[in-house]
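2 protein chains.
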Amino acid sequence: MKNHATPHIDKLVIIGVGLIGGSFALALRQAGVVQHITGIGRNLENMQRALEQGVIDEIADNYAAALIDADLLFLAMPVGQTELIMAQIAPHLEPDTIITDAGSTKQDVIISALKHLPPQNIINFVPGHPIAGTEQSGVTAAQANLYKGKHVVLTPLEQTNPATLEIVCQLWQACGAKISTMHADEHDQILAITSHLPHVLAFTMMRYLHHSTNNPDSLLRFAGSGFRDFTRIAGSSPEMWRDICLANREELLKQMEAYNTELKAVQTLLEQKDQEGLEQVFQQARAIRQTWHN
Amino acid sequence: MKNHATPHIDKLVIIGVGLIGGSFALALRQAGVVQHITGIGRNLENMQRALEQGVIDEIADNYAAALIDADLLFLAMPVGQTELIMAQIAPHLEPDTIITDAGSTKQDVIISALKHLPPQNIINFVPGHPIAGTEQSGVTAAQANLYKGKHVVLTPLEQTNPATLEIVCQLWQACGAKISTMHADEHDQILAITSHLPHVLAFTMMRYLHHSTNNPDSLLRFAGSGFRDFTRIAGSSPEMWRDICLANREELLKQMEAYNTELKAVQTLLEQKDQEGLEQVFQQARAIRQTWHN
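Which chain is which? The protein sequence lines are B and Y, in order.
So the first sequence is residues 1 to 294, counted in this note's numbering.
So the second sequence is residues 1001 to 1294, counted in this note's numbering.
Honestly, the hints are just simulated from the structure, not real lab data.
Quick caveat: nothing in here was measured; it's all calculated off a predicted structure.
Please note that a few of the clues may not be correct.
Not the full set, but computed from the structure, chain Y residues with beta-carbon under 8 Å of chain B [as the list claims (entries may be wrong)]:
| id | residue |
| --- | --- |
| 1 | Asp1061 |
| 2 | Lys1148 |
| 3 | His1210 |
| 4 | Arg1242 |
As a list, the in silico BS3-like pairs of lysine-lysine whose alpha-carbon atoms are at most 30 Å apart [unchecked claim]:
| id | chain 1 | residue 1 | chain 2 | residue 2 |
| --- | --- | --- | --- | --- |
| 5 | B | Lys273 | Y | Lys1254 |
| 6 | B | Lys264 | B | Lys254 |
| 7 | Y | Lys1254 | B | Lys264 |
| 8 | Y | Lys1148 | Y | Lys1115 |
| 9 | Y | Lys1264 | B | Lys264 |
| 10 | Y | Lys1115 | Y | Lys1254 |
| 11 | Y | Lys1264 | B | Lys254 |
| 12 | Y | Lys1273 | B | Lys264 |
| 13 | Y | Lys1273 | B | Lys115 |
Ideal Cβ placement from N, Cα and C applies to all residues, glycine included.
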């Protein structure tokens, strides 16, 4: 790998070439910073599509072959597979390979890494989370500009090599992303509120619909654009969200509990026909929503 | 008023010329079925804008003047003002004036109407609810195609004149809407689930953010498009939603309670680390979400 202002990657290896992995490949290719991309993943049909669409140059069928001479390894499989894959790749990692990931939770990924990766690889590991995506999944949803203008949070360890962190920053910047660094526990706490909790609430809303009628269509016919947007994230991958919820379980449970307390307070205002109280809640809510420019 | 396949309205009176009332005016004008539109409302700046934008032809400053020779009266003020306005218009209504409204709840509007309007006007009253709108409000947000392809629910009374119902149907169809008729209680139950509950959940989410940190911006910086869509409806009018929640209070409380039970069940699955159970919940949720074509 040559050392430029924007680094050049001769060989990028992506584990899990779906929306996130595929978009990273396309973005780096478009930025002209990557030479060769090797993909590896359990969904062969998806991998074949990634190859046909030119997202990757090659499909590897084992980690030993994939990881030879890798400059950069991008882990983009569902969070639930992290531990297994950390264990499987560990024996095949070269010391200079930079490792980063895209997991929606960070503490659990770090625990897996510390458990399975040798110290020489840990110093080149930069845990990361691009806050981008759609409810779609698979490589067909991948797009070169997915990360443009989006936030990427990096949660380096104490032992992370600063030069490695810098390179990962530059690569994400080459994808058009804005970089923040913070501690993994802070990341997991923030995301529990802004992402994991809303997903659980939206999934629960759709499930509730399922339970409240034999014929959800009869209700949905009268659902408007508000409902459509509110529940869009309930179209997300069940497997992925099962894994995220479990990976960030304690923090998410804490947030669900706290949200519930808040909801009970609104319920009490409504029970008491407290006009002023209700309006104040809605006003506070709207004020925050309106000051937010995403 | 001449009796055509699509009726022609010589004089339309709109009380509350905001997003809903203004869009109705624009749509009927575009369809060429209305001659003269008189607007009346408490926000004078908004009324002035409605006049300048050509949404209405005239501002009335009292109901007596406004309602002379009215063919159609469209009530599009916030639900909370319904009772007051029913009482105020009652003495000035002509027997032939068709009355319809756009309130998000229907039982309470009907109760107000029965309380204040003379029987001769009740037979020409068609309670309605166009399921359309955005989180914007005011006449500047009005648009001629707001109702195009959208559902309008009409909840006629037993004593509603069938010919009047037919005319209101035709007028909404002229706006491009799809019409359903049902009982008011059924309407309120459905909308509590598909609209009122999601609004309360979204408002509560934003309020929770307000309570969980001194600096919501620090959280919102890391909120993605999922959060943006989930909370879009929390940008809606606090006054309007206070009124809707209170107007449909009992049904909404029932739905909040039932949703809470559902949420607790998901929480229990997470507490028990029930992988399969969680995935099943998310799968059911996604399946319903994906079969819904809005």
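Hint check:
no. : hint                    : verdict
1   : Asp1061                 : violated (27 Å)
2   : Lys1148                 : violated (13 Å)
3   : His1210                 : holds (5 Å)
4   : Arg1242                 : holds (4 Å)
5   : B:Lys273 <-> Y:Lys1254  : holds (15 Å)
6   : B:Lys264 <-> B:Lys254   : holds (15 Å)
7   : Y:Lys1254 <-> B:Lys264  : holds (13 Å)
8   : Y:Lys1148 <-> Y:Lys1115 : violated (33 Å)
9   : Y:Lys1264 <-> B:Lys264  : holds (13 Å)
10  : Y:Lys1115 <-> Y:Lys1254 : holds (26 Å)
11  : Y:Lys1264 <-> B:Lys254  : holds (13 Å)
12  : Y:Lys1273 <-> B:Lys264  : holds (25 Å)
13  : Y:Lys1273 <-> B:Lys115  : holds (21 Å)
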